[in-house]
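For the numbering used here, count along the sequence shown from 1 and bump the result up by 50.
Mixed in with the good hints, there may be bad ones.
No farther apart than 25 Å at their CA atoms in a straight line, the calculated lysine to any residue pairs in the SDA-like style are these [stated by the list, open to error]:
1) Lys356 <-> Leu520
2) Lys333 <-> Glu130
3) Lys400 <-> Gly388
4) Lys333 <-> Gly108
5) Lys333 <-> Met494
6) Lys356 <-> Gly108
7) Lys230 <-> Met494
8) Lys398 <-> Ala387
9) Lys356 <-> Val436
10) Lys398 <-> Ala239
Between beta-carbon pairs, the in silico distance windows are [what the hints assert, rightly or not]:
11) Cys268 <-> Leu379: 49 to 57 Å
12) Ala387 <-> Cys268: 17 to 25 Å
13) Ala387 <-> Phe199: 43 to 51 Å
14) Pro125 <-> Leu149: 14 to 22 Å
Calculated from the structure, these hints are not laboratory results.
Ideal Cβ positions, reconstructed from N, Cα and C, are used throughout, including at glycine.
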Amino acid sequence: MDGHSESEPLLLDVAPVERRPVPRRTFWRVVLLSYAMLFCSQLYASSFNTVLYETLEGLLCRDMYDDVGDPLADPRCKGEAVQSELSLLTSIEASFEMLPPMLCGIVYGLIADVYGRRPILILSTFGAVLYGALDIAICWFHDYVHIKFFWAVPIVYFFTGGGLVAASINYTVVTDVSTKSQRSAIFLAITSAFLLGAFFGAYLAAALLPLGHYFAMCAILSVQILGLCASCFVPETIKIREKPQDSSNGAMHFRKKLSAKIAQLRVQSLASLRDIFWGGNTKLTLLLMSTLFTGVGKHLVSSVMKQYAVKRYELSWANAGIILSYANLVRLALCFAGIPLLVIALRKAKVLPVIQDAWISRVSVLVAVTCSCLAGAAPDVGVFTVSVILYAFSSCLEPTVRSLVVAMGRDAGTGSIISALEVLTAVSIAIAGPVIAATFRLGMRLGGGWIGLPMYIGGVIMVPGALILLFMRFDEEVAEELAEESEGLL
């Protein structure tokens, strides 16, 4: 890689640190703790959202109809009025939730590149805990606080980073301790943490819901607190050269020192953004844009699937979650068996890592486009379940594209590149939110098969990203890997 190496600090006045082999014990400590954190995060998110959405459905239903007894048994709670309002509330909150990562995500990545991963990891995980606690508080005090105060909760992510920043730093620390040839396989393995969390999250929510919505949400929040505890034990993966103490700095007023640091960070931030998005690496820019298209489409589809199943097939939220969990079995099989065996076969066939990633990502995005439309057209629960299971074969798209982006990011630090990916993820979710609300409302108004309109739209949005991946060539990266292979670096 030209310019900055993967472990090189971003600020110009910090001396570059030569990368040394990571001790095996440190490697496994980082990987296992990162895996545990991501598992806890996804287990929490998957189960908490199921309970939260059912709670919100009941609150909205009681707001609209005074004589509602049990919201689960009242068909009016599955009607267009309640479901439209629920879709609007949750999708707009998801969009607002992405504003802090969009505006501050790369800054958090730069700070982590310079001052260390661990402090940002702890802070951002704490932000996720605080976010969930505020959601519970708004539901509990619903009689005194308007339900749309949910839209204000994402403000906490401006000061803490939140879940996306935590995931970004987790990927960064794993990248710090892994070699180039290990990276794709490790990213795929770490993806299984999300899949296991999503799979068990459906059953955790189903098990806790009979005990009461608020007890269930508090119990699930404790899972994220476990993730926060794990973050405290993640070792620092970058070393910063101690600079000599300057007596004039010691005498400088705190505000002036803070202003100097902010100015320095702003200059470096602009330079990194220029390298990532407007530098000479056009392919990197195109690849990042493809993640935006595929991210919007995939998030739109995955976000609406559960509510789509609840509305169209008249399922409970817990049962809809269990149906979606079947797809996670396929994803787990891919992570633990299918993809590793494929990678071994491709390595034996002397296929370079960048070519492996390119073809796996191409097949994955084609599966995503096709199966999202199939799920939207499913006439019954059986066909929908099959479509969801087939859609699971697109789960390799994110880790392989992430590996391609890191390989192509020659002129920016690893933290900045991965943070840029997370910012684009945030942008895609922010864009998808209003689209979900508008298309789901329109689909319910049209009725029948049109309820699946968001999934059709999601498939169409993914097409430009699919075309970029299909027609992009990786000749320079292949030449670079061939050179490294000849030198024994791969």
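Verification of the supplied hints:
no., hint, in the structure
1, Lys356 <-> Leu520, "violated (30 Å)"
2, Lys333 <-> Glu130, "violated (45 Å)"
3, Lys400 <-> Gly388, "holds (18 Å)"
4, Lys333 <-> Gly108, "violated (48 Å)"
5, Lys333 <-> Met494, "violated (40 Å)"
6, Lys356 <-> Gly108, "holds (16 Å)"
7, Lys230 <-> Met494, "violated (48 Å)"
8, Lys398 <-> Ala387, "holds (17 Å)"
9, Lys356 <-> Val436, "holds (15 Å)"
10, Lys398 <-> Ala239, "holds (20 Å)"
11, Cys268 <-> Leu379: 49 to 57 Å, "violated (29 Å)"
12, Ala387 <-> Cys268: 17 to 25 Å, "violated (37 Å)"
13, Ala387 <-> Phe199: 43 to 51 Å, "holds (46 Å)"
14, Pro125 <-> Leu149: 14 to 22 Å, "violated (36 Å)"
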